[in-house]
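Participant: Here's the letter readout for the chains.
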Amino acid sequence: MRTEDPQAERYEGSVRDDALRAQAQTGKTITVRINRGEAGDRVGHWETFTVELFSGMVVLDAVLLVQAKQAPDMAVRWNCKAAKCGSCAAEVNGRPRLMCKTRVEDFDLAQPVLVQPMQTFPRIKDLVTDVSWNYRVNEKIVPFKPRTDRPWKFYQKDVEKAQEMRECIECFLCQDVCHVLRYSDEDKPQFFGPRFFVRSAGLDFHPMDAEDRVGQLRAEGGIGLCNITKCCTEVCPAGIHITDNAIIPEKERVVDAFDDPLRALFRPKNGKAE
Amino acid sequence: MATDSEYSTFESDVIVIGAGGAGLRAAIEAIGAGARVTVICKSLLGKAHTIMAEGGMAAAVGSVDPRDSWQQHFRDTMFGGKYLNNWRMAELHAKEAPSEIVNLEQWGAVFDRSDDGGVMQRIFGGHTYQRLVQVGDRTGLELIRTLQDRAVALKLRVFMEHTVTKLLLRDGAICGVAGYEREWGKFKVWKAPTVIIASGGIGRIYSVTSNSWEGTADGQALALEAGAELMDMEFVQFHPTGMVWPQSVRGILVTEAVRAEGGLLTNSKGERFMERYDPKRMELSTRDVVARSIYTEVAEGRGSPHGGAFLSIAHKPADFIKRKLPSMYEQFMEFAKVDITKEPMEVYPTTHYVMGGVRVEAETAATNVPGLYAAGEAAAGLHGGNRLGGNSLSDLVVFGRRAGLAAAQYALGRTSRPDPEMSEIIKAEQEMLQPFELETGENPFTVQEDLQNMMMLYVGVFRDEARLTKALELLEPLKERAARVRAAGSRLYNAMWHTALDVKHSVRIAETIIVSALLRKESRAAHSRVDYPQTSDELQKVNTVTRSIDGAVTVAYVERTPLPAELAAVIEEKVEVPT
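Those protein sequence lines, which keep their order, are chains A and B.
For the first sequence, our numbering gives the first residue as 1, with consecutive numbering after it.
For the second sequence, our numbering gives the first residue as 1, with consecutive numbering after it.
These are calculated hints, taken from the structure and not from any lab test.
As the structure is a prediction and not an experimental result, all values here were calculated from the model.
There may be inaccurate statements among the hints.
Stated by the list, open to error - When the alpha-carbon atoms are kept at most 25 Å apart in a straight line, the in silico PhoX-like pairs for lysine-lysine are as follows:
id, chain 1, residue 1, chain 2, residue 2
1, A, Lys188, B, Lys155
2, B, Lys95, A, Lys153
3, A, Lys28, B, Lys337
Could you build the full structure based on these sequences and the hints that come with them?
Facilitator: This is the structure we're talking about:
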């Protein structure tokens with residue numbers, strides 16, 4: 001237990017705060033162009049803002065500074081600001097990214113940083129899009145069902161494939177970049193999209209799951225429509241090997257189950273490899 | 001002032017505010033008990049702050065160390081909380097956490113595995129044995145996704161991106177809530193005889209915090225306004241290791257798992273300074289102790305270049321670090337350009353968690369307002385004066401379950417269900433729209449920032465009478481300013497408007513923290529009064545309780561129920577901490 005009274009400046013106080021803020025100043029400014037608009041306005045309009053650059057600034061910092069100081073009704077969706085929640089998905093200089101994970105200093109600061117909402121989903125306002133379609137797809141997926149025919153005992157090597165799939169933070173950037181979904185207008189085709197192939201694979205890879213989603217993925221999931229361009233893998237902020245470790249294995253299982261007559265004869269009941 | 005000619009009304013048995021671990025677990029249990037359940041949450045489903053929990057969920061399953069037991073978990077929790085815990089909650093928590101692990105696994109959770117095919121468990125500060133069930137350093141995400149999937153499978157009704165602004169009462173009992181849709185700005189009314197507050201914490205009252213924008217203390221403020229009591233609000237946990245640099249990520253959490261996996265804390269002189277503060281437990285001392293130690297090292301001039309302490313795990317093999325702490329590795333690589341397999345991190349305390357909250361009964365999570373319940377971080381009691389790492393996730397599911405069950409049973413047993421009074425609904429709508437009505441008024445972001453800076457400066461890690469009195473003085477103008485904040489633009493996804501409403505909650509709850517901290521004239525756990533450095537035996541017998549009476553916050557000590565003999569005996573048979 002402390003017995004002495006620390007001096008006033010020992011409190012976490014303005015002195016320390018100011019010092020840190022001063023240390024963070026770069027003396028530079030950056031130009032941010034944000035595509036704004038209200039619901040139904042797909043094209044939107046670009047507004048230009050100048051923001052003081054501080055050390056380590058990410059695009060979300062710049063947008064939130066604009067919101068706090070210049071355009072308080074700027075709509076932007078975010079939560080954790082630590083790349084763990086996946087809320088702040090947008091397109092920065094044309095590339096689908098998490099704004100909280102995109103450092104401003106990595107760009108050529110002589111050029112403006114362009115921020116626009118995800119283009120695959122309808123705009124609600126400014127950078128916020130209506131991603132409810134994803135939640136409706138999610139509801140269709142056959143839920144986990146625990147096996148009861150063996151003891152609840154399995155090892156790290158048994159869960160690694162499933163755990164990779166469960167690292168998904170549902171930012172929907174893979175859905176945004178997926179060409180099957182992106183060029184489909186408001187009406188999405190019969191296609192779950194990479195996020196939900198990952199979710200299905202995470203369940204199918206679970207050593208204690210009694211269900212199989214292979215039939216579902218082939219029919220309403222439309223997994224055949226994916227022609228493995230790997231765009232989803234490239235934009236995944238969680239680093240999940242979506243194409244190689246989720247989509248291709250599930251596609252192979254679909255082929256095995258439905259298009260290979262020999263294997264179909266010997267297929268285990270639940271369609272899963274043991 | 002005009003009212004929306006048509007507003008939507010929804011009916012259910014149980015309303016849950018918040019879709020984090022506690023809210024979703026409550027909803028699942030209430031559905032299982034046959035209730036119609038509605039969850040209302042400020043963000044999209046699956047984004048709640050629970051996902052930020054990293055290191056694990058404490059449960060004495062004894063998978064790795066069979067010596068563990070509910071008794072030892074109970075002892076550790078009580079010791080960590082400096083015996084201010086609601087002992088009945090600590091008992092239920094320790095006994096029921098293991099079965100919640102089983103439930104989560106049955107719903108599809110994929111925890112890391114031990115060598116003999118059970119769940120892997122790691123040690124954390126204040127826990128005697130390896131007790132935290134984990135998924136690397138993303139355990140919270142696993143918990144949320146598992147509960148979310150289960151809730152979706154049960155066809156849970158969720159109102160995402162909706163904010164509750166008022167609890168509606170009839171004859172002193174809950175009859176519903178009013179709020180708005182964040183996306184489109186529409187006013188809505190939900191009718192139900194029960195409400196479970198599972199809205200999380202208050203971190204956004206402070207400038208440096210690990211909490212997301214959501215932690216504005218809404219649930220605590222709604223409960224207070226409805227006549228519920230808040231307890232132990234002076235106990236705010238400053239997590240010892242938040243990121244310091246760069247500015248952009250200041251306050252973001254560095255998981256305790258870094259220390260649990262062998263991370264060492266040093267100062268600018270290269271000293272392992274924890275030797276001076278807790279030579280026995282060192283880096284794995286309780287969070288309050290480690291936070292004060294880092295704070296003191298920096299205050300006394302032995303800080304790192306950006307005013308923190310060094311935390312290094314670089315003495316461990318790189319592949320070990322990447323396997324055990326994958327998201328920390330990435331977090332520092334991405335945000336700070338620091339390779340933690342080679343260089344130390346800089347860390348400093350960050351506002352993380354509030355031990356205080358809505359005062360509830362242990363068994364049912366019921367408040368003193370009929371039909372109102374609270375669980376998770378929004379509720380008080382389990383953690384006493386300081387929460388042990390890993391005890392939050394287990395708290396969410398243990399008391400989320402209890403709240404869901406109790407609320408469902410209460411609701412289904414009600415024969416009459418009075419509707420909310422129209423005058424209350426109109427009032428709720430007027431309050432909601434008030435920021436648009438003001439011709440002049442301040443930008444709510446400015447008021448929020450001033451409040452956060454004031455609280456960090458005057459109600460932080462160390463406190464004393466002079467600073468707390470000053471804080472109370474400075475709060476007065478902030479209260480007035482918060483009442484007059486203005487919203488511009490339309491009701492469409494308007495953060496200025498949302499913040500205008502949220503900041504009123506924050507100011508109110510800041511007051512409960514300050515008055516409680518002023519009242520408790522001792523140093524205990526997370527509450528450090530430099531003018532009262534001793535821990536008082538007398539004050540161990542009381543909790544601090546705040547109420548709102550005619551809009552004014554009052555504070556008083558309330559006598560605690562003495563520990564029953566059988567639990568006192570559990571605490572007595574103390575097991576030595578392994579070194």
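Participant: If a hint holds in the structure, say so; if it doesn't, say that too.
Facilitator: Going down the list of hints, with the structure as the test:
Between lysine 188/A and lysine 155/B the alpha-carbon distance is near 23 Å, which keeps this suggested pair within the 25 Å criterion. Using a Cα cut-off of 25 Å, the hinted pair lysine 95/B and lysine 153/A holds, with the two alpha carbons roughly 23 Å apart. Among the hinted pairs, lysine 28/A with lysine 337/B is consistent with the structure: their alpha-carbon atoms are about 20 Å apart, no more than 25 Å.
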